[in-house]
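*Asks:* Single-letter residue listing:
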Amino acid sequence: MNAVLTLTDRGIYCPAGDFYIDPWRAVPRALITHGHADHARPGMGAYLCTTTAAPVMRHRLGDITADTIPYAETRQIGGALVSFHPAGHVPGSAQIRVEVGGEVWVVSGDYKVVDDGLSDPFEPVACHAFITECTFGLPVFKWTAPDVLKAEINSWWRANAAAGRTSLLGAYSLGKAQRLMALLDPAIGPILTHGAIENTNAVLRGQGIALPDTIRVTPGRDRKAHPGAMVLAPPSALSGTWARQFGADRSSAFASGWMALRGVRRRRGADRGFIVSDHADWDGLNTAIKATGAERIFVTHGYTSVFRRWLEDQGYDARIVATEYEGEYEGEGLDSTASDPDPEAGTEAGTEPEAQDT
Amino acid sequence: MKRFAALYASVDQTTSTKAKVEALASYFREAPEDDRLWTIALFSGRRPRRLITASVLREWAAEKAGLPLWLFEECYPVVGDLAETIALILPPATTTSDHSLTHWIGHLKTLSTQDDARRKAGILAAWDGLPPTERFLFTKLLTGGFRVGVSQKLMTRALALATGIDEAELTHRLMGNWTPETTDWHRLIEVPDPTAALSRPYPFYLAYGLEETDQITPVGAWSAERKWDGIRGQLICRAGTHHLWSRGEEVMTDRFPELAVLKDFLPAGTVIDGEILAHDTNGPLPFATLQKRIGRKTVPKKLLVEAPVILMAYDLLEAGGTDIRQQPFSARRKQLESLCASLPPDLPLRLSPQVPFEDLEALARARVESRDLGAEGLMLKRLDSPYLAGRKKGDWWKWKVDPLTIDAVMIYAQAGSGRRANLFTDFTFAVRDGDSLVPFTKAYSGLTDAEFRDITAWVRKNTQQRFGPVRQVTPTLVFEIAFEGIQASPRHKSGVALRFPRMARWRQDKPAGEVNTLEDLRQMLAQFG
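Top line first, the protein sequences correspond to chains P and X. According to the working numbering, the residues represented by the first sequence are 1 to 358, in order. According to the working numbering, the residues represented by the second sequence are 1 to 529, in order.
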């Protein structure tokens with residue numbers, strides 16, 4: 001990379017504005033695309049993020065110096081013009097547009113192009129160079145249509161409830177969990193939440209985002225109090241002792257892009273796997289890239305080498321930028337959920353550890 | 001296909017064995033008879049003849065999906081299953097169809113008589129008319145091994161539930177070389193056909209490894225034999241015919257023609273469980289000798305001389321046409337002994353000798369001697385045990401000698417398939433030879449899922465070079481490789497071939513510079529080869 005943005009050992013850097021975007025080491029000034037732990041790290045001198053993303057970032061990172069900006073508002077930072085645009089990944093998530101001397105570069109952060117009903121939907125931003133994730137950059141990844149997904153999850157829940165079983169659904173606590181909540185049919189039964197998810201819910205509700213009614217799972221509660229309930233929990237909680245409080249007769253499921261693969265689904269040992277992700281699928285990536293009109297594409301994390309070659313075949317000037325972003329961790333909820341700060345872990349399985357939450 | 005796909009979905013969408021069995025049983029009650037029969041066939045390893053090679057299927061699928069072949073090849077190791085990869089990358093179906101499982105299998109059979117262009121058109125049209133699950137299952141029929149989380153045992157249990165016929169009896173009826181084209185539901189399940197019964201083997205009784213010596217005390221109640229290193233086989237002599245079955249339910253009769261003579265000497269209605277063993281007048285030959293015979297449908301004369309085989313008899317399952325599996329082992333053994341004693345000594349049939357012992361210590365000593373005698377260890381059988389079906393604990397145990405071990409460094413890694421897709425699980429190992437590393441074995445098993453995950457993350461960070469799905473990695477990780485035997489092998493760069501290599505443990509304590517050497521391997525070859 002050169003000109004507008006460059007890659008350093010601390011992260012993606014803009015020399016004209018003297019700031020970093022989603023840096024992985026401490027820097028004086030960081031622009032943050034969204035609040036997931038691999039993009040919003042502690043220790044920065046000053047943070048800038050969207051107005052919607054700020055409450056969760058403060059909740060996760062504690063006492064930080066953070067300035068906020070609404071979507072689409074342009075701000076001059078040094079010699080760069082900067083604006084944030086919806087990425088559709090989680091509430092408040094942004095692509096960051098940086099313009100220097102008429103040359104426009106966009107950093108995607110993480111994104112998806114389908115409307116999840118919760119986040120501001122993805123908006124393509126015209127640019128010369130697009131720096132994109134490709135967590136699911138293989139044509140085997142195609143997400144279930146939202147209406148089909150909704151029907152699948154509710155019919156699984158309904159069948160469990162009718163048989164007196166508790167349904168346990170594993171989903172990442174910021175974004176995925178709330179998005180799934182919005183799909184659930186409250187007529188089937190009560191929605192229970194693990195503390196990590198409920199804490200995020202509280203933050204989101206506090207900023208005016210409407211979520212369905214949920215009940216926090218607390219120690220010592222009567223396990224029979226909510227028959228046929230749906231329990232949302234971080235994936236790591238599903239395989240541990242926490243899940244056992246719901247009795248032997250429970251059915252578990254994971255909601256992740258990796259569930260597209262039968263082998264991964266079987267390895268996880270859950271009854272069901274719902275194919276849903278907050279990252280773009282194969283078609284989503286290709287659509288998004290095309291919509292930017294960019295000729296230069298930098299791929300950051302995911303199936304980078306394959307996706308770069310594909311883009312090159314399609315006539316793009318495509319390169320790999322080795323970042324430390326982690327995408328969606330295939331092993332979510334397996335025993336090794338500890339953060340693995342391995343830059344290449346993201347190239348194929350990625351990690352989205354629950355370390356912040358558990 | 002919709003009904004079969006619904007069955008597959010309900011089996012795939014639960015981890016409960018009970019729910020799987022119930023789903024299968026209701027399918028066996030409700031589906032048309034020919035579909036039921038094909039379902040039994042598929043879940044017992046009988047599949048339609050392979051029509052199209054995997055590489056041609058890949059090309060067609062990539063072309064239909066509008067993707068370059070290289071991209072398809074990149075997807076395959078991530079998914080770990082060819083049929084699934086194809087089903088995932090194809091564009092959504094544009095037409096619909098509602099044909100039965102039997103119809104689709106018949107369609108494949110029709111295509112097999114047609115030229116390539118028609119085959120291709122037939123397959124592409126099928127892909128275009130099937131929703132995702134049906135498309136996956138249809139492609140599974142094309143690609144082989146129908147392993148979709150239903151074991152033959154589970155299927156048989158469901159069949160017993162649906163028909164009310166005893167499970168052991170059904171297990172027996174389902175054995176043999178039938179296909180849905182040579183029989184029907186009525187003849188196979190309801191009223192077994194007597195001609196099929198002529199060649200039908202009994203389910204093999206398999207032993208678990210002994211865990212603690214407590215399991216065989218008091219030792220006076222037990223019998224010991226050597227555990228011979230060959231191929232387990234069942235010889236069936238009935239009404240002047242003979243059949244030889246492998247444990248994997250394959251007919252091996254023609255592969256071992258020297259055993260044909262036995263039908264002239266054994267009384268009609270005799271079934272012997274034993275080990276097919278490369279063996280000359282001096283005793284057992286190494287497994288590598290037998291290996292030359294495996295996989296060959298016909299045997300040239302020269303090989304019959306170089307690699308002669310015998311049946312080492314372990315047990316008698318049928319005598320005078322009567323199933324004697326329920327008799328105690330001691331009684332079956334007596335009959336087997338007198339049968340063997342009545343035969344001319346030069347026949348390719350020997351009685352597996354009993355190993356005498358007075359106490360546990362003597363037994364333990366006998367176990368250690370096994371390797372020198374060309375055996376893998378001891379087989380321990382409770383004297384009063386019936387001949388059970390399948391792998392069961394309690395009455396029979398195998399007590400193998402401790403494996404040989406060597407420390408080696410990983411140099412290549414490849415992703416596994418199925419449950420291990422997208423996880424590096426298949427490794428190549430090397431020993432040191434001066435300054436260079438010499439690859440000598442592959443191994444796939446022996447580690448926990450957690451270890452495989454850690455190694456997968458490591459491989460991604462430490463890849464030096466990629467050769468298709470294979471990653472060359474920095475030679476750093478050291479493993480203790482355990483194996484059962486070692487043989488000279490001119491086909492391998494190292495000059496040796498190992499028997500049953502696996503990873504005994506990950507030696508995180510040991511640097512790569514301290515792994516064993518090629519010279520160490522050669523010494524093992526000299527001592528144990």
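Worth double-checking, as some hints may not be accurate.
Result set (DSS-like, lysine-lysine): computed pairs, CA atoms no more than 30 Å apart in a straight line [to be verified]: (1) K2/X x K18/X; (2) K334/X x K302/X; (3) K142/P x K292/X; (4) K290/P x K142/P; (5) K224/P x K18/X; (6) K150/P x K2/X; (7) K142/P x K400/X.
Derived by calculation from the structure, the hints in this document are not laboratory data. Since this is a predicted model, take the numbers as computed values, not measurements.
*Asks:* Holds or violated: K290/P and K142/P, Cα atoms, limit 30 Å.
*Replies:* holds, 18 Å
*Asks:* K142/P and K400/X were given as a pair; does the straight-line alpha-carbon distance stay at or below 30 Å?
*Replies:* Roughly 49 Å separates the two Cα atoms, so the pair is violated.
*Asks:* Starting from K224/P, check that the Cα of K18/X is at most 30 Å away, please.
*Replies:* holds, 24 Å
*Asks:* Does K18/X lie within 30 Å of K2/X when you go C-alpha to C-alpha?
*Replies:* holds, 22 Å
*Asks:* Hey, K142/P versus K292/X, does the alpha-carbon distance stay inside 30 Å?
*Replies:* Answer violated: K142/P to K292/X is near 47 Å, above 30 Å.
*Asks:* Check the hint pairing K150/P with K2/X against an upper bound of 30 Å on the C-alpha distance.
*Replies:* holds, 22 Å
*Asks:* Would the pair K334/X and K302/X pass a check requiring their Cα atoms to be no farther apart than 30 Å?
*Replies:* violated, 37 Å
Hints 2, 3, 7, counting from the list given before, are not met by this structure.
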